[in-house]
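A.B. asks: Each chain, letter by letter, is given below.
Protein chains: 2
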Amino acid sequence: MKTKDRILDVSVELFNKNGVVAITTNHIAKAMNISPGNLYFHYDNKEEIIGELFRRMCKETYKIWSPKHISSMSPIQFIEENFDVYWKYRFFHREMYALRRKDPVLAKMWKNHMEKMMKLMKVLYRNWVADGKMVQIKNDKELLYVFESLLAMATTFLQFFESTEKLAGKLSVHRGRTHLVRLLLPYSSGKSKDDFEKFLDSEVSI
Amino acid sequence: MKTKDRILDVSVELFNKNGVVAITTNHIAKAMNISPGNLYFHYDNKEEIIGELFRRMCKETYKIWSPKHISSMSPIQFIEENFDVYWKYRFFHREMYALRRKDPVLAKMWKNHMEKMMKLMKVLYRNWVADGKMVQIKNDKELLYVFESLLAMATTFLQFFESTEKLAGKLSVHRGRTHLVRLLLPYSSGKSKDDFEKFLDSEVSI
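If you read the sequences in order, they're chains C and A. Using numbering that gives the first Met the number 0, count along the first sequence one by one with no gaps and you end on 205. Using numbering that gives the first Met the number 0, count along the second sequence one by one with no gaps and you end on 205.
If you are wondering where the hints come from, they were derived from the structure by calculation, not from laboratory data. Note that CB positions come from ideal geometry on N, CA and C, so glycine has one too. There's no promise every hint is true.
To be verified - Now the stretches of chain C that chain A is said to cover, found in silico as 3 or more residues with beta-carbon under 8 Å:
{"no.": "1", "region": "87-98"}
{"no.": "2", "region": "138-148"}
{"no.": "3", "region": "153-161"}
{"no.": "4", "region": "175-183"}
Same shape as in the complex, but just chain C (with noise of 0.2 Å):
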């Protein structure tokens, strides 16, 4: 792998680990066994890795939302592949408030992340009701509650999971993926009914 990507593997870890605020580029150079120099030459500073990485978890969201890859599953499976991209990236769900506060950059990149967001749910969900998958939401305020409710549980239950747990971690993502689907629920239809029920039904009570 290239000294430039392993940065960026290393850092995501020790973003997730020990916050954005405590890890300093000389942190990420010392795990990496390189000096800091050579991580310089590769990224000029925290924001910049920072960046990179955000880019790459849209990436990797965008590929998980594309029509064909949708196609290809079930609305439970495709939940659980964003999941384990927001596993992957947490340290933006929990930090993002300060990060965007901090980098203006960030903050607009997240703004038009949003908006894209909001605009592949439209077509997500115009294909699962063509499939069958859904039910057809005929209100267009409750349509847009739906997709905000998602977005913001997907996009900030973390924090708040974390917050009254002892253990934080896998434990709160396994939460935040329930909630979505007891919130899509009540719109489910036929396969996607049963998978749902049969998910929250084997689902551990905490």
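Starting from the known structure of chain C, fit chain A onto it as the hints suggest.
C.D. replies: What follows is chain A alone, placed relative to chain C:
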């Protein structure tokens, strides 16, 4: 008003406006036209002010949630009153993750507050069911889901909505309120149901 209380009022205003990170005790003293020494006579540091503000927010919230106060008003009024406190201390909801990470004492206070809110919600819901304002939720998992969704949405949505709007603020709070009402709508009953539907009908599309 006592200086000690005025420090809290000015602090919350500055924290809401500029974010906690950007505001030092010197800024607070300057905005009040007092000396830093005078401020330190009342509070040792910013963390102590933040802790005191958190206790104040909890106290104001618990007052709204007291069974006697609840029984005197409709669910929609109750939601409005909660959102007034929410708006007043909005910096907490924007920055809680970073603040908790930095201050273990505040993290513990937040966790206790969330646990208390979950208990208060159970009492509230029981009262609403008894008063015919809400229908009973028989499935325990569903009940927990509704409570968690309400609390997660109420404590984290501001971060989400503000990130997607040009002008963050009151509009975001209105949208949060709308989400809460929509979430509760399927469980509402009688006059509450009418109130909820009227509220959602009058809602301006965004």
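A.B. asks: Report holds or violated for chain A covering the region 175-183 of chain C, Cβ cut-off 8 Å, minimum 3 residues.
C.D. replies: holds (count 4)
A.B. asks: Are at least 3 residues of the region 153-161 of chain C within less than 8 Å of chain A when you compare beta carbons?
C.D. replies: holds (count 6)
A.B. asks: Under 8 Å between beta-carbons, do enough residues of the region 87-98 of chain C, three at least, approach chain A for the coverage claim to hold?
C.D. replies: holds (count 5)
A.B. asks: Taking a Cβ-Cβ distance under 8 Å as contact, does the region 138-148 of chain C have three or more residues in contact with chain A?
C.D. replies: Answer holds; 7 residues pass the 8 Å Cβ test.
Of the numbered hints stated above, none is contradicted by the structure.
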